[in-house]
Amino acid sequence: MKSIFGAGAALAFSLAASAGSTLYQHGRIATGTGPVLDDASVLIVDGRIRGIGREISAPAGAEVIDLHGRWVTPALFGGIGSMGVVEVSAERTTNDGGLNLGNVRPEFDPALAFNPDSLPIQIARVEGVGFALLAPEPGTHASGGNVIDGLADVVTLDGNAPRGPSALVVEMGREGASLAGDNRAASFLLLSDAFEEARHPPRAGEPRRLTDAGRATLQQVLSGRMPVLFKVDRAADIRAVLRFSSQQKLRAIIAGGAEAWRVGKDLAAAHVPVVIDPLEALPADFDRIATTLENAARLEHAGVTVAFSLRSNAPHEARKLRQAAGNAVAHGMSWEKAFCAITQVPAAAFGAAPLGTLTVGEKAHLVVWSGDPLNVTSLVEAQWLDGEPQRLTSRQTALRDRYLDKLRRGEAR
Amino acid sequence: MSLIRKIHPRWIVLLASLGASLMAHAQPADPYPSTYRPAVTAPVLIRGGTLLTGTGTRLANTDVLIEGGLIAAIGTNLVAPAGATVVDARGRTVTPGIIDIHSHLGVYPSPAVSSMQDGNEATAPVTANVWAEHSIWPNDPGFQTALEGGVTSLEILPGSANLIGGRGVVLKNVPSITYQGMKFPGAPHGLKMACGENPKRVYGSHNQAPSTRMGNVAGYRAQWIEAKDYLRDWTDYEAKLSAGGKEAKDLKAPKRDLRLDTLAGALKGEIPVQMHCYRADEMATMIDMSKEFGFRIATFHHATEAYKIANRLAENGICAAMWADWWGFKMESFDGIQENISLVDAAPNGCAIVHSDSEEGIQRLNQEAAKAMARGQAAGLDIPPERAMRWISLNPARALGIGDRTGSIEVGKMADIVIWNMEPFSSYALTEQVYVDGVLQFDRSHPADTPRSDFLLGQPALRGDLP
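Chains as they are written, first to last, in my numbering: chain U, 1 to 413; chain F, 1001 to 1467.
Next up, chain U with everything else stripped away, as it sits in the complex (with noise of 0.2 Å):
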């Protein structure tokens, strides 16, 4: 019987460098910012993007590489979620993604907490993600939680720093409603109390729900510096959260969005932007009832922005998103859109640009595919996170690599 074990699998490329010129050439190159060019080049001088397109020459020197036809991207967004802040879900003592303060804290950012070498970012960095946005999880109300979770950062696998707060995360709907008396429409009444607070800070001896810093982050998002996340997903709670935005003056976003292909009209006329979780199918509750796997395809037909998200916060899963993006083109999205959903639309939605886009003249957040990086067949075969290359060896490889020699020798017991 033939044997089922081959030669061991071998680089596609040798590790380009970063000081010196690298050209991709003969490439599928995807920017982010338009149509995917065929038989094209990519040039990183320094680290830098220094040309994309069809006639670039190699300045002398370069190391030159021979794509055959393999695809070029900017590094993906790896979902909202705990990207950096947990390693085992489970294990409370190595997750902070929720927080149970007791009282109202807008200006809680979870950047404090976290670390670079989380295990998840070295195993997601890998896989082709290059950022991702950190949000806290909501609290429970028995443990002080409140419908404002408290400050998202987009933050990058490349071993630097998050940036800065993007975005203020609410919880409305049924988690909402949770953390609000057990009303959704209380949800509201917190929101409209802490708003008001910020835009008339109590005097003196007047009761008060937030400190100085809570009402600074509050007026930033007034202001409309900042956007607002709202986690929601039914139809109708949708649309009570854009009315509220409208009356408050909130740049809104809406993440979950299971029913959102019902208000696309709205989404689109009031320019709001939605993440959603394109493998959900079922009425995974009654906030959920219309889910469906069209989400994706009905929302960019009504001219709404769409970005990805798995539901599931764990940063262990961020390397899924691709895929979940190649189920939307099964589902009738376009491919192009379902790309920029995972690069480019969430990095300007959480305000990252220019990640998520392969742009000249900015340093190289890029990706070498063996194939369309939406078809679940296509792995990895190069990465570079800014400016650097990246070596694609991980904890988990090296557990495949000590375990394929066991097995080659019939020693795996």
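To be clear, the hints were calculated from the coordinates, so they are not data collected in a lab.
Nothing here was measured: the structure is a model prediction, and the numbers come from that model.
All residues carry an ideal CB built from backbone N, CA and C; glycine is no exception.
Hints are not guaranteed to be accurate.
To be verified - If the Cβ cut is set under 7 Å, some of the chain F residues that face chain U in the computed set are:
{"no.": "1", "residue": "S1110"}
{"no.": "2", "residue": "P1141"}
{"no.": "3", "residue": "F1329"}
{"no.": "4", "residue": "I1337"}
{"no.": "5", "residue": "Q1367"}
What the hints assert, rightly or not - Quick list of in silico lysine to aspartate or glutamate cross-link-like pairs, EDC-like style, CA-CA up to 20 Å:
{"no.": "6", "chain 1": "F", "residue 1": "K1268", "chain 2": "F", "residue 2": "D1030"}
{"no.": "7", "chain 1": "U", "residue 1": "K406", "chain 2": "F", "residue 2": "D1382"}
{"no.": "8", "chain 1": "U", "residue 1": "K406", "chain 2": "F", "residue 2": "D1335"}
{"no.": "9", "chain 1": "U", "residue 1": "K406", "chain 2": "F", "residue 2": "D1030"}
{"no.": "10", "chain 1": "F", "residue 1": "K1291", "chain 2": "F", "residue 2": "E1315"}
{"no.": "11", "chain 1": "F", "residue 1": "K1330", "chain 2": "U", "residue 2": "D117"}
{"no.": "12", "chain 1": "U", "residue 1": "K406", "chain 2": "F", "residue 2": "E1315"}
{"no.": "13", "chain 1": "F", "residue 1": "K1330", "chain 2": "U", "residue 2": "E388"}
{"no.": "14", "chain 1": "U", "residue 1": "K363", "chain 2": "U", "residue 2": "E388"}
{"no.": "15", "chain 1": "F", "residue 1": "K1330", "chain 2": "U", "residue 2": "E87"}
{"no.": "16", "chain 1": "F", "residue 1": "K1291", "chain 2": "F", "residue 2": "D1335"}
{"no.": "17", "chain 1": "F", "residue 1": "K1228", "chain 2": "F", "residue 2": "D1288"}
{"no.": "18", "chain 1": "F", "residue 1": "K1330", "chain 2": "U", "residue 2": "D96"}
{"no.": "19", "chain 1": "F", "residue 1": "K1268", "chain 2": "F", "residue 2": "D1335"}
Dock chain F against chain U, hints included.
Frame of chain U, contents of chain F only:
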């Protein structure tokens, strides 16, 4: 011309009735019997598809003939019988129906409301007396979405809160008001057991045994000791009864016990053991325990460290049912790697299965297998799609004890068949038609006007063309 002939249809019926009669012993034949009878339909000739048969074989440009709910012939230029429906599958891929060995559809249904969390009888660490089928809500919309993903048979298991959680049941993915109308005729029950963190967390947090892994093992062993006594009492009783005479006349039957019925069934080999177990060292302990008491473990479920003991599993004839890429959600899943499935497959006589344990994953087990296949190939393993196909068809069928009747495209087997718009190992692959016992249960070109689930009837429109 027929290329493959293995099991004559008549055999199938015989095997099924044999399976049923073996259940008589300390316990009566299934008191909640299957009422599923496939509709009688015209023959179907699926013409010219590329077959991934589920046995590891690829057959290009091949016809499949369905008659009487069974696969009647496989070959080229088959003649359509009178009245047959002919389906043009040129350019399409034809596979056996997908089988999920680990699902909680119906017992943890959508919507996940508090009143329907019926999957864990977490009131005692051993509940071998409960049967998952008695919790199943057949209206779970997840059955329909799984069907759209090509799933034709699935095992519904109790959850993993308990050391011994109860009996699982194998269903055909067909519409029915009752679970009996879905029950796979003649399929054995499964016995759900769980290693590791879950039982000791659930009971330890109530300051009750088990609170440690050693407490887990002591808990199982005490049960098997009791079950062996119980089985001996019944065996003695039945031997004396069949010997006849005066002694037989005065015999009193041992007291029946639902919990011990189930465990005795596992000891007799009638109920395959389906064991939730993540860590390699714990799986090794469980293998020793199965030898101590003389039962057979069919499958380790989840098994995120199966790759570390792939040879040991294969040598003991135990399958591993795994996810493609889950890891890190709890400590015992910390060492999960994406090559797990392919490494288990690569061991000589290895039995790798892709399972879901998820209402999302069950909708795209083909993609989960695709991810695992791609990782195996990148690690240098020779895993073509026709080999990976076994992970979601014949291997789980065998581990469930139904491998002689479904799980592959072979003559004489149940016509559980999927036609895909392309080779299924892709993000973009979709089922076009799904047949269960030769009955077209899903047709993407003619989606039903109304949802199958009563729950979704009259709710906001879920389907239809883009607005």
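Non-conforming hints, listed in increasing numerical order: Checked against the structure, the hints that fail are numbers 9, 13, 16 and 19, while the rest are satisfied.
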